[in-house]
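Enquirer: Given only the sequences and the hints, what does the whole structure look like? Please build it.
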Amino acid sequence: MQNIYQTFEFYKIQDALLENAKTEVGRQLISSLEMLKSFDAVNNSLEDLKEIASIILRYGPLPINPSLDALKLIEIAKKTALLTPRDLDMIAEDVLTSLSIIKFIKKIETLYPRVSNKVLNFCDLSSLEKEIHRVINSSQGIYDKASPTLFSIRTKLKKVEQQLQDKIATLSVGFTSYLSDNTITIREGHFVLPVKTAFKNKVPGIVYDVSDSGNTTFIE
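Residue numbers (numbering that gives the first Met the number 0): 0 to 219.
Don't take every hint at face value.
Said to hold, decoys possible - Cβ-Cβ distance ranges computed for the label pairs, FRET-style: (1) D143 x I75: 19 to 29 Å; (2) E187 x Y58: 48 to 58 Å; (3) R26 x T196: 50 to 60 Å; (4) E18 x S137: 24 to 34 Å; (5) S210 x Q162: 22 to 32 Å; (6) Y4 x K71: 58 to 68 Å; (7) K71 x N42: 26 to 36 Å; (8) S137 x S176: 37 to 47 Å; (9) E23 x I107: 34 to 44 Å; (10) S30 x D123: 27 to 37 Å; (11) S137 x K78: 42 to 52 Å; (12) S99 x Y4: 27 to 37 Å; (13) I167 x D123: 50 to 60 Å; (14) T154 x V206: 26 to 36 Å.
What the hints assert, rightly or not - Derived DSBU-like pairs: lysine-lysine, alpha-carbon spacing no greater than 35 Å straight-line: (15) K129 x K157; (16) K157 x K21; (17) K78 x K117; (18) K49 x K21; (19) K36 x K11; (20) K129 x K105; (21) K11 x K78.
Derived from the structure by calculation, the hints contain no laboratory data. Just so you know, even glycine gets a beta-carbon here, dropped at the ideal spot from N, CA and C.
Expert: Pasting the structure below:
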């Protein structure tokens with residue numbers, strides 16, 4: 000015997016909603032949807048739906064961007080105090096989305112009191128977003144000046160890297176007749192000289208790699 004969910008093909012409704020959901024939290028809520036159990040609950044939801052439908056028809060969809068579940072990231076942060084730049088950037092983007100929705104609704108709040116009451120109670124986390132984007136750049140990397148310690152470390156690394164480049168350039172000049180080309184070469188983070196294999200014994204160092212053709216030996 001079919002239950003009421005099968006009779007009304009409730010699962011087809013869920014599938015249609017899931018196809019249009021933009022956020023992980025939204026998908027979770029849709030997957031756990033149940034039929035409302037009272038007339039008042041149904042009537043209340045229909046009134047919400049009327050406002051949302053009217054907003055979309057008159058002003059377009061709310062500015063909701065795709066989003067993962069930031070709550071999971073927050074729980075991870077509570078336990079480990081560790082989040083990746085990508086994690087932090089996603090949280091910041093969620094904050095920007097919430098601010099966009101607030102701004103969108105504020106312009107029409109007097110016309111849609113039910114939706115306004117829900118949206119205008121959102122927490123203002125703009126200071127969190129600013130602090131995250133002070134540290135995390137648009138490529139989800141960390142700015143050099145995110146902290147004095149990081150700035151100091153990266154400055155030293157750049158200095159050492161420049162010294163290595165100067166050294167390899169000097170060696171390139173000294174061994175130029177043995178090289179297949181004079182371009183500074185890096186293999187998996189190692190500065191190497193591209194030595195013609197026939198002359199590999201002429202250049203002191205450690206053989207790090209050999210070209211596919213076998214004609215060039217990369218010596219560190």
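Enquirer: Now look at each hint and say whether the structure bears it out.
Expert: Structure-based check of all given hints:
1. D143 x I75: 19 to 29 Å: Taking Cβ atoms as reference, D143 and I75 lie about 26 Å apart, which means the hint holds.
2. E187 x Y58: 48 to 58 Å: holds, 54 Å
3. R26 x T196: 50 to 60 Å: holds, 57 Å
4. E18 x S137: 24 to 34 Å: Holds, since E18 and S137 (Cβ atoms, about 30 Å apart) stay within the stated range.
5. S210 x Q162: 22 to 32 Å: holds, 27 Å
6. Y4 x K71: 58 to 68 Å: violated, 28 Å
7. K71 x N42: 26 to 36 Å: For K71 and N42 the Cβ distance comes to about 34 Å; the hint holds.
8. S137 x S176: 37 to 47 Å: holds, 46 Å
9. E23 x I107: 34 to 44 Å: Cβ of E23 to Cβ of I107: about 28 Å, so the range 34 to 44 Å is violated.
10. S30 x D123: 27 to 37 Å: At 30 Å between Cβs, range holds.
11. S137 x K78: 42 to 52 Å: Violated, at about 28 Å.
12. S99 x Y4: 27 to 37 Å: Check passed, 35 Å falls within 27 to 37 Å.
13. I167 x D123: 50 to 60 Å: holds, 52 Å
14. T154 x V206: 26 to 36 Å: Because 33 Å falls inside the window, the suggested range holds.
15. K129 x K157: OK: K129 and K157 at ~28 Å, within 35 Å.
16. K157 x K21: Not satisfied, since the Cα-Cα distance of roughly 42 Å exceeds 35 Å.
17. K78 x K117: Distance ~30 Å between K78 and K117 Cα, so the pair holds.
18. K49 x K21: OK: K49 and K21 at ~21 Å, within 35 Å.
19. K36 x K11: holds, 20 Å
20. K129 x K105: The given pair, whose Cα atoms are some 22 Å apart, holds under the 35 Å limit.
21. K11 x K78: The hint is violated at about 38 Å.
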